[in-house]
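Just so we're aligned, residue 1076 is where the sequence shown starts under my numbering, counting upward by one.
Source of the hints: derived by calculation from the structure; they are not laboratory data.
Be a bit skeptical, because a hint or two may be false.
Unchecked claim - Here are the computed lysine-lysine pairs in the DSS-like style, where the Cα-Cα straight-line distance is at most 30 Å:
hint, residue 1, residue 2
1, 1128, 1115
2, 1129, 1079
3, 1129, 1115
Here the structure is a predicted model, which means the values were calculated and not measured.
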Amino acid sequence: MNDKELIAALSVPGNYEVIVLENGEFIVMPLPPDVILITKESHADSVSHFSIKKD
1076 MNDKELIAAL SVPGNYEVIV LENGEFIVMP LPPDVILITK ESHADSVSHF SIKKD
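Could you build all of it, start to finish, from the sequences and the hints given here?
What follows is the structure, given as structure tokens:
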């Protein structure tokens, strides 16, 4: 998928995962509406918040 095709695909309302291949092409995968998205940063925050702290 090239740049123009990517923009056209993302113009449809919804959530998508976009993967960039080494050759510069894109793969767009629609995500279900009930999916829970979490970033690496929020995962790290949660791990540090909920980890067992040893004295």
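Hints, one by one, checked against the model:
1. Taking the CA atoms of residue 1128 and residue 1115, the gap is about 21 Å. The hint holds against a cut of 30 Å.
2. Our distance criterion of 30 Å between C-alpha atoms is broken by residue 1129 and residue 1079, whose separation comes to about 53 Å.
3. Using a Cα cut-off of 30 Å, the hinted pair residue 1129 and residue 1115 holds, with the two alpha carbons roughly 24 Å apart.
Violated hints amount to a single one, hint 2; each of the other numbered hints is respected by the structure.
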